[in-house]
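Participant: Positions 1 to 427 (the UniProt record's numbering) are the ones given, in order, by the sequence shown.
For the record, the hints were derived by calculation from the structure and aren't laboratory data.
Be aware that one or more of the hints could be misleading.
As the list claims (entries may be wrong) - Each pair of labels, with its calculated beta carbon distance range:
#, residue 1, residue 2, range
1, GLN70, ALA163, 37 to 47 Å
2, LYS80, LYS116, 32 to 42 Å
3, PRO72, LEU155, 44 to 54 Å
Claimed, not checked - In silico BS3-like cross-links for lysine-lysine, where the CA-CA straight-line distance does not exceed 27 Å:
#, residue 1, residue 2
4, LYS390, LYS180
5, LYS251, LYS390
6, LYS104, LYS390
7, LYS78, LYS103
8, LYS116, LYS80
9, LYS180, LYS127
10, LYS103, LYS76
11, LYS344, LYS187
12, LYS251, LYS103
13, LYS96, LYS251
14, LYS180, LYS96
15, LYS180, LYS209
16, LYS96, LYS187
17, LYS391, LYS325
18, LYS180, LYS104
19, LYS78, LYS96
20, LYS361, LYS187
21, LYS77, LYS103
22, LYS103, LYS390
23, LYS321, LYS180
24, LYS187, LYS104
25, LYS104, LYS77
26, LYS103, LYS80
27, LYS96, LYS390
28, LYS209, LYS187
29, LYS321, LYS391
30, LYS391, LYS96
31, LYS209, LYS104
32, LYS180, LYS103
33, LYS187, LYS321
34, LYS116, LYS127
35, LYS391, LYS251
36, LYS187, LYS391
37, LYS391, LYS180
Think of the CB as a built atom: it goes at the ideal place given N, C-alpha and C, for glycine as much as any other residue.
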Amino acid sequence: MPVILILMGSGIFYMTTITFNNQSIRKIFFSHNKDNIADLIDLIHSNSHGNIEDWFNKFSLKYTYEVVCQLPTNYKKKLKSLLPASFNLEFDLLDKADDPVIKKTSEVVPLVFHTKDAVTDVVRYLKDEGRSDIIFVTDDNGTYIGLVTASQLMLANGEELLANIVTPSISCGTNTDQEKAAMILQKEDVNYLPVVNIQGQPVAIVEAKNVINIVQQEQTEDLELMMGIQQESESKGLNYLQTPVMDHVRKRIFWIVGLAAVGIISGVIIQSYDDAIAAMTVLALYMPMVADTGGNAGSQSATVIVRALALNHLNLNDWLKVVWKELRISVFIGLGLAAASCAKVLLLSHNVSLPSGVTLKLLALAIALALFLQVLTATLIGAILPLLAKKCRVDPAVVASPAITTIVDITGMLIYFYCTTTILGLS
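Make the full structure from the sequences, and use the hints.
Facilitator: Structural data, given as structure tokens:
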């Protein structure tokens, strides 16, 4: 029975007559107009026309999920009340995921066939529909078994069953993180990664070409996090020139101001050693060297660990191995830098006036020891913080670069003044 439905498009209300069939419903849902969709759901809910589960089965899970996400809360509840529990459970899992791989799949409904279907029937269907997609093959329960490509169909005997030519392949869940899905494709060296729902039924596919976009997005996120740049949805999808100036300001200012505030601690430490600096002004000359070296060592270590975690080369159970490895690395680097700094002090500060009882060699030894300990602690801090972030379910990239540099600046000043004042006998 035709029904009059008032729809809104481009801010203008108009009336249209629709018949409750898959084509008319699909047209409205694909209009991407949440007002139209909401009105339709309200009408279906109040008049109990048709079976919305059947209509949604005509759409890809990606599109169905996007429709649900864009609806107002009250219409979302109405829609969920019309859907079976399996749909709602799937949506709940997707809502809890940060970057579900389903967002990177096509809106085209995948082709699913049974293991008992003959090649001839499948080829005939593909010709009638004008499609040449990858074929999902399922068992009697609708559970995913494997894939069949168009080339396999062309080479197979027409009477052959799909069960005899299907290629078993790994799959992932709809709520699998998109970065993890990209890593699976890379690790397994396959061109396609089927996506299955909680019932094990195939609902979408991730192709190798999608990995490029995923990797690009993840690298951008990690780079922004490592540089202390906040990510905001308003700027998502926009390039540098398209992003408004104030969006750039909002994305950057939080970390800059926050770390500047924390950096005050370094100033407090330096101020507390005013007397030592006044007694030996040469100490002020080598403070930047110690602080900068520590920042560089910590950032290097953090970058290596963040990348190893991203590539799944490390897990949290390897933390002792990481600490032991980075400790040995920092010892060798620290010894080399300590020797270089010692030589630098002896060459550049030989004309500096020193207090009685303090020799140039003793000064060089104190600064070299401080630099060695700074490299040691900064490297370990840089290695441990990403692991702690991972343990706390925070992106490890967050603690890289600006954060670590600020932290090791503070530890560096403490180490520097403790070593120099203790060895040189300054109060």
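Participant: All the hints need checking, so say for each whether the structure fits it.
Facilitator: Status of each hint after checking the structure:
1. GLN70 to ALA163: 37 to 47 Å: holds (40 Å)
2. LYS80 to LYS116: 32 to 42 Å: Cβ of LYS80 to Cβ of LYS116: about 35 Å, so the range 32 to 42 Å holds.
3. PRO72 to LEU155: 44 to 54 Å: holds (51 Å)
4. LYS390 to LYS180: The given pair, whose Cα atoms are some 15 Å apart, holds under the 27 Å limit.
5. LYS251 to LYS390: holds (23 Å)
6. LYS104 to LYS390: holds (24 Å)
7. LYS78 to LYS103: Holds, at about 23 Å.
8. LYS116 to LYS80: violated (34 Å)
9. LYS180 to LYS127: violated (35 Å)
10. LYS103 to LYS76: holds (19 Å)
11. LYS344 to LYS187: At roughly 48 Å apart (the allowed maximum being 27 Å), LYS187 and LYS344 break the hint.
12. LYS251 to LYS103: Roughly 24 Å between the alpha carbons, so the hint for LYS251 and LYS103 holds.
13. LYS96 to LYS251: holds (24 Å)
14. LYS180 to LYS96: holds (16 Å)
15. LYS180 to LYS209: holds (15 Å)
16. LYS96 to LYS187: holds (26 Å)
17. LYS391 to LYS325: holds (20 Å)
18. LYS180 to LYS104: holds (12 Å)
19. LYS78 to LYS96: This hinted pair holds, its Cα atoms lying about 20 Å apart.
20. LYS361 to LYS187: With Cα atoms ~55 Å apart, LYS361 and LYS187 exceed 27 Å; violated.
21. LYS77 to LYS103: Measuring from Cα to Cα gives roughly 22 Å; hence the hint holds.
22. LYS103 to LYS390: holds (24 Å)
23. LYS321 to LYS180: holds (24 Å)
24. LYS187 to LYS104: holds (19 Å)
25. LYS104 to LYS77: It holds: about 26 Å lies between the C-alpha atoms, which stays within 27 Å.
26. LYS103 to LYS80: holds (20 Å)
27. LYS96 to LYS390: holds (18 Å)
28. LYS209 to LYS187: Satisfied, since the Cα-Cα distance of roughly 15 Å is no more than 27 Å.
29. LYS321 to LYS391: Holds: LYS321 and LYS391 sit about 16 Å apart, inside 27 Å.
30. LYS391 to LYS96: It holds: about 18 Å lies between the C-alpha atoms, which stays within 27 Å.
31. LYS209 to LYS104: Within the cut-off at roughly 10 Å; holds.
32. LYS180 to LYS103: holds (13 Å)
33. LYS187 to LYS321: Within the cut-off at roughly 24 Å; holds.
34. LYS116 to LYS127: Roughly 20 Å separates the two Cα atoms, so the pair holds.
35. LYS391 to LYS251: The given pair, whose Cα atoms are some 25 Å apart, holds under the 27 Å limit.
36. LYS187 to LYS391: holds (24 Å)
37. LYS391 to LYS180: holds (17 Å)
Going down the numbered hints, you'll see the structure goes against 8, 9, 11, 20, while the others check out.
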